[in-house]
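Visitor: Residue numbers (my numbering), protein chains in the order written: chain U, 1 to 101; chain H, 1001 to 1612; chain W, 2001 to 2168.
Read the hints as simulated data drawn from the structure, not as lab findings.
Since the model is a prediction, treat every value here as computed from it, not as a measurement.
There may be inaccurate statements among the hints.
[What the hints assert, rightly or not] Label-pair ranges, simulated between beta-carbon atoms: (1) U/88 / W/2127: 24 to 30 Å; (2) H/1593 / W/2152: 33 to 39 Å; (3) W/2138 / U/89: 46 to 52 Å; (4) H/1593 / W/2127: 41 to 47 Å.
[To be verified] Stretches of chain W that chain U covers, calculated by requiring three or more beta carbons in the stretch to come under 8 Å of a beta carbon on chain U: (5) 2004 to 2018; (6) 2057 to 2065; (7) 2093 to 2107; (8) 2114 to 2121.
[As the list claims (entries may be wrong)] Facing chain W, a subset of chain U residues (Cβ under 7 Å, in silico): (9) 7; (10) 15; (11) 41; (12) 44; (13) 50; (14) 68; (15) 72.
All C-beta atoms in this analysis are idealised placements derived from N, C-alpha and C, irrespective of residue type, glycine included.
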Amino acid sequence: MTLEMYLLLSAVLFCLGLFGALSQRNLIAVLIGVELMMNAASLNFMAFNRFSVTDPSTGQVFVLIIIGLAAAEVAIFLSIILNLYRQRRTIDPESITELRY
Amino acid sequence: MDTTHLIIATTFAPFVSFVIAILFLHRSPRLAQAIVITGAAVALGCAVQLWLAGPVEPLRYLWFTSGAIELHFGFLLDGLNLMFGVVVALITLCVIIYSVGYMAHDPSKTRYFALLAFFEWAMLSFVYAVDLLQSFIFWELVGLASFFLIGFWYQKASAAEAARKAFLMTRIGDVGLLVGILVVLMTAGHFDIPGLLDPERGLVARVAPATLTAITLLIFIGIVGKSAQFPLHTWLPDAMEGPTPVSALLHSATMVAAGVFLMARLYPLFLAAETTRSIILVIATVTALLAATMAMVDRDIKKVLAYSSISQLGFMLMALAAGSLFAGVFHLITHAMFKALLFLCSGLFIHHFATNDLEQIGQAGGRSMKLTTIGLLVGGAALAGVPPLSGFFSKEEIFAALGHGSGTVFTIAALVVAFLTAYYTFRMIFLIVLPARFEPASGSDEDAHGSAEPWTMVFPVAVLTVGAAIGGLWGQQIAAALNVQAPTHTLGSMLPAIGVVLGGIGLAWVDFGRGERAGFLSRLPALQTLFSNGWYIDTLYRAVFVRLTNWLATLLHGVEVKGLDGGFDQVGFGLLRSGDGSRSLQSGWVQFYGGCVVLVIGAIALYVGMGG
Amino acid sequence: MTAETIVVGVFVIVAVAGAVLAVRSQQILHNIIGLGISLFGIAGLFLQLGSPFVAAMQVLIYIGGIVVAIVFAMMLSMAMTINPPARNLPKTIFAAIGSGLFFAGLVGLLSKTHFVTRPTAADEAWAVSRIGNALLEHYNLVFETLSVVLLLAIVGAILIARRDRTPA
């Protein structure tokens, strides 16, 4: 597989995740979309790491950092979902409209 | 004091007293009165001194230049101005002193006296003006003072309306005057009066006759408005809504005389424009006859005197149009004195009996006011032209001028006017002095106001009575001041005048001195109605012009409210509505916001990726 | 068609299929499972790209930690028992258009760019010890900062999710 094909794959995964994040009516599904996007990005890094970089440990460190940050972000996201559910009994993003006109 | 100081004192002393009174003295009316009287006295004193010193070179101060045009303001001090300035100052002082008594119980005394001072400043500055634009400015200020003074009791709707009517009608004339002045500027390049009148370098020498006719005609339109000639005469009877001293000062002696004075001031121009003079003669004659008929039937003493003023002003203009400056100015001066006298006497009657009606004044015992009655008799006789009072001499000059300078038609018309003048004047006198019956109101000469004839009101009357009586003797001096020769008259030429006067008095005696006090016109009810409705001229104006203007104003107002205003409002509403519409974009949905971001970035990426 | 290609193809198919499942399902559990499948596929691709360590980390942390946490959150929020709200068609179309546009842009960029490729590094360079060295020497600051971030995330999550005690 050439570099371009890996990049194309990561583009596909990224856009699938984007679609999910924008269209789902469940906050957890939005989180899943976001995770997919991050994974597509790390796939991108790994592809470049293999094909275009002199020191391959660079890309791997990058991906490890991404995974760590994703974990932190998921923790926060999930606690927000829990709090929201406790107050509103719903996790539909369309019902959170405090910033409406 | 030298001339500059004198003339500035004359014109500005009243202005200073006006400013002091109007700014500071609203709570001290007596002090305001004193200050205004002082100002007027200073003006009179300085005016007399100037006159005694004789004519001098004009004083000019450069006001501004605009390209090749230089505008000055300043003072012209030749015989006509000096003489008329004294007359104006004298009559104003008399009226102010009289007002002390007449307005003794009025709550707004300060405003009244301040406005009289303002008027005096404007009038004197107009008289002594050296520059045509300067005189126009003060002409307008005089009209403004008239507006304020007619509408002095502005709470009364009729007074406010009369003031408005006066102002608007004179404004119509002023448009003509302004256009005339501008044509002067266009043709001569300056406004300087001595320069314009110079026989070699003035307007007469430099412009074509047609232009001169146009200029003088336009100026005459202004005179028609200001001096209440036909067809712009209907404001003057309504102006009687103002206090009687105001009527005495403005609407008999000075302001309405300003028009005639302007013609006298610019006489060389009018002398050269024969077409204009013919037109003026016709209009003045029509006015004189018209107003005299209206005076014959009116029962309000002030209205009779108002119509009389209109008629006499027409008379003066007839003389000027016939070619005699001397006759017109002579009658202007004598008329100022006896008309003011008559108004002040009527004011005394009105003040005491609280009515304007001739018959009521007579029946309530008018002739018991002795000094006033004497003044009334002298003034009335002077107006009618009874020798040897002043009016007789000035009218004689007018007849002579008409005889020389115009056709027989006009001379006969003038005699008819004199006849009618004598008739209506003595009608007024007989109704007051020899009423059908006596019904004096309860109470004696004394009333709540104190004496019926307080000295503040009687003293000016006395002064003017003397002036009206002996004014005829000043004919020579007036002629000398005007640099003309006073013509001599034989007894024979004076006979027609004396004849019509006696005839008029006789008819008045027959109608009103005895019997049932009804005029011969009461047997011609159609004529009586026509005259007492002012020949329906005012009715016509109301029906046509006033309604037309109101309709136009309503239309334009509708256009403005719905069209312009409404248009702007709709723009505003449109913006509000579009704002409302775009508010729905702020839905609060995070996914929608994110989607928008993605859309934009995607479009950019597409643009870069596909082409760019 | 070498074996390598087949293996890569399998992993690609797994990744994409999982992603499609993750975004198209109505039931939340299906979404989560789809995510897990996709992550497995991506881990396989990491392996293929020469880093078994990162593949292992992916499986351990991502699938073993994050997906499990998501499942816990789903259960705590009763997302399974709630009736899933109906699909909002305009929103879906809008999202599809947005992501489609973005994808077209990315593809265009991809095709326009000339990527510089280098030959693969030697095997020694791929050793795990190299990763460790890099983390502790070169990328030390990032490593330490990441730990601070994780600490903050833990504290923040606890704060947000705790039950407020109303004053007695």
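Visitor: Confirm or reject the claim that residue 2138 of chain W and residue 89 of chain U have a C-beta distance inside 46 to 52 Å.
Guide: Distance hint for residue 2138 of chain W, residue 89 of chain U holds at roughly 49 Å.
Visitor: Given a hinted range of 33 to 39 Å, is it respected by the beta-carbon distance of residue 1593 of chain H and residue 2152 of chain W?
Guide: Given about 26 Å between the Cβ atoms, the range is violated.
Visitor: Does residue 41 of chain U pass the interface hint, meaning its C-beta sits closer than 7 Å to a C-beta of chain W?
Guide: Violated. Min distance 11 Å.
Visitor: The region 2093 to 2107 of chain W covered by chain U? Criterion: 3 or more residues, Cβ-Cβ distance below 8 Å.
Guide: holds (count 10)
Visitor: Tell me if the beta carbons of residue 88 of chain U and residue 2127 of chain W are separated by a distance inside 24 to 30 Å.
Guide: Cβ of residue 88 of chain U to Cβ of residue 2127 of chain W: about 51 Å, so the range 24 to 30 Å is violated.
Visitor: Lying within 41 to 47 Å: is that true of the beta-carbon distance residue 1593 of chain H to residue 2127 of chain W?
Guide: 46 Å, holds
Visitor: Count the residues of the region 2114 to 2121 of chain W whose CB lies closer than 8 Å to any CB of chain U, then report whether that count reaches three.
Guide: Our answer is that it holds, as 6 residues pass the Cβ test (under 8 Å) against chain U, meeting three.
Visitor: If you count the residues of the region 2057 to 2065 of chain W with a beta-carbon closer than 8 Å to a beta-carbon of chain U, do you get 3 or more?
Guide: This one holds; 5 residues, not fewer than the three required, reach chain U with a Cβ under 8 Å.
Visitor: Please verify that hint: residue 7 of chain U, Cβ, nearest Cβ of chain W, below 7 Å or not.
Guide: Check passed: Cβ of residue 7 of chain U comes within 6 Å of chain W, closer than 7 Å.
Visitor: Does the CB of residue 15 of chain U sit less than 7 Å away from some CB of chain W?
Guide: OK, holds: residue 15 of chain U within 7 Å of chain W, min 4 Å.
Visitor: At a threshold of 7 Å, is the proposed contact between residue 50 of chain U and chain W supported by beta-carbon distances?
Guide: 5 Å, holds
Visitor: How about residue 44 of chain U: closest beta carbon in chain W under 7 Å, or not?
Guide: Constraint on residue 44 of chain U not satisfied, violated at 11 Å.
Violation of the numbered hints given earlier is confined to hints 1, 2, 11, 12; the remaining hints are satisfied by the structure.
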